[in-house]
Amino acid sequence: DQQVKQNSPSLSVQEGRISILNCDYTNSMFDYFLWYKKYPAEGPTFLISISSIKDKNEDGRFTVFLNKSAKHLSLHIVPSQPGDSAVYFCAAGGQYYGNKLVFGAGTILRVKS
Amino acid sequence: GAVVSQHPSWVICKSGTSVKIECRSLDFQATTMFWYRQFPKQSLMLMATSNEGSKATYEQGVEKDKFLINHASLTLSTLTVTSAHPEDSSFYICSAVNRDRGRGGYTFGSGTRLTVV
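Chains A and B, in that order, are what the protein sequence lines are.
Here our numbering is used: the first residue of the first sequence is 1, the next is one more, and so on.
Here our numbering is used: the first residue of the second sequence is 114, the next is one more, and so on.
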């Protein structure tokens with residue numbers, strides 16, 4: 001039972017354009033969501049998070065949008081840079097789950113120069 | 114910022130031997146640490162939650178006698194893969210919770226690539 005889904009295994013974007021990574025969740029008990037970036041053979045690094053009481057959070061080139069009614073969130077990267085090429089994981093957590101995070105399967109982003 | 118050190122970064126061991134992986138929070142105290150396992154092209158699968166001074170909580174399907182977790186201090190948790198077999202070969206990652214950083218407080222180690230031959 002995949003509670004957090006990233007349906008696009010990969011995404012290819014031209015440098016300078018917008019990258020949009022999507023994530024869907026099934027459990028309404030999640031009350032915060034996070035995006036992580038991961039390079040091969042390294043641990044994930046935190047990018048940005050959003051609480052369920054918000055619908056948008058912005059940090060530099062990264063913006064996360066949350067649509068609670070659709071149980072959908074997205075990460076926008078503008079402008080995309082070649083260094084953004086990595087695997088992006090969506091994760092969800094909540095008081096119901098204690099401190100545990102549930103991860104999506106990840107999306108490989110390739111930014112072409 | 115919060116740093117989590119994981120050691121070793123890679124290890125090769127013979128089938129039947131045990132391997133210990135360390136996870137240290139370098140500049141904060143972590144009452145809770147998590148151990149994940151990642152198979153190729155798959156997501157991070159939570160194996161267990163490690164709480165300082167108490168027994169670890171294992172996820173369903175994870176053998177606690179095979180994956181021994183010890184969280185003896187606020188800055189160190191260890192995962193020991195006992196009697197390793199080739200199917201245990203994987204990428205293991207720890208995460209420590211830094212409550213002072215709010216929702217961004219899950220800091221991951223750099224991972225350990227275990228290969229059992």
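It is worth saying that the hints were derived from the structure and are not from the lab.
Note that the structure is a prediction, hence the values are computed from the model and not measured.
Misleading hints may appear alongside valid ones.
Computed cross-link-like contacts, DSBU-like style, restricted to lysine-lysine with a CA-CA straight-line distance of at most 30 Å [claimed, not checked]: (1) A:Lys37 / A:Lys68; (2) B:Lys177 / A:Lys112; (3) B:Lys154 / B:Lys127; (4) B:Lys177 / A:Lys38; (5) B:Lys133 / A:Lys38; (6) A:Lys112 / B:Lys127.
Status of the hints after comparison with the structure:
1. The hinted pair formed by lysine 37 of chain A and lysine 68 of chain A meets the criterion: a straight-line CA distance of about 23 Å does not exceed 30 Å.
2. Taken as a hint, the lysine 177 of chain B and lysine 112 of chain A pair is broken in the structure, with Cα atoms around 44 Å apart against an allowance of 30 Å.
3. The straight-line distance between the Cα atoms of lysine 154 of chain B and lysine 127 of chain B is roughly 25 Å, inside the 30 Å bound, and the hint therefore holds.
4. For the hint pairing lysine 177 of chain B with lysine 38 of chain A, the CA-to-CA distance comes to about 28 Å; that is within 30 Å, so the pair holds.
5. Our distance criterion of 30 Å between C-alpha atoms is met by lysine 133 of chain B and lysine 38 of chain A, whose separation comes to about 24 Å.
6. As the CA atoms of lysine 112 of chain A and lysine 127 of chain B are separated by approximately 41 Å, the hinted pair breaks the 30 Å bound.
Violation of the numbered hints given earlier is confined to hints 2 and 6; the remaining hints are satisfied by the structure.
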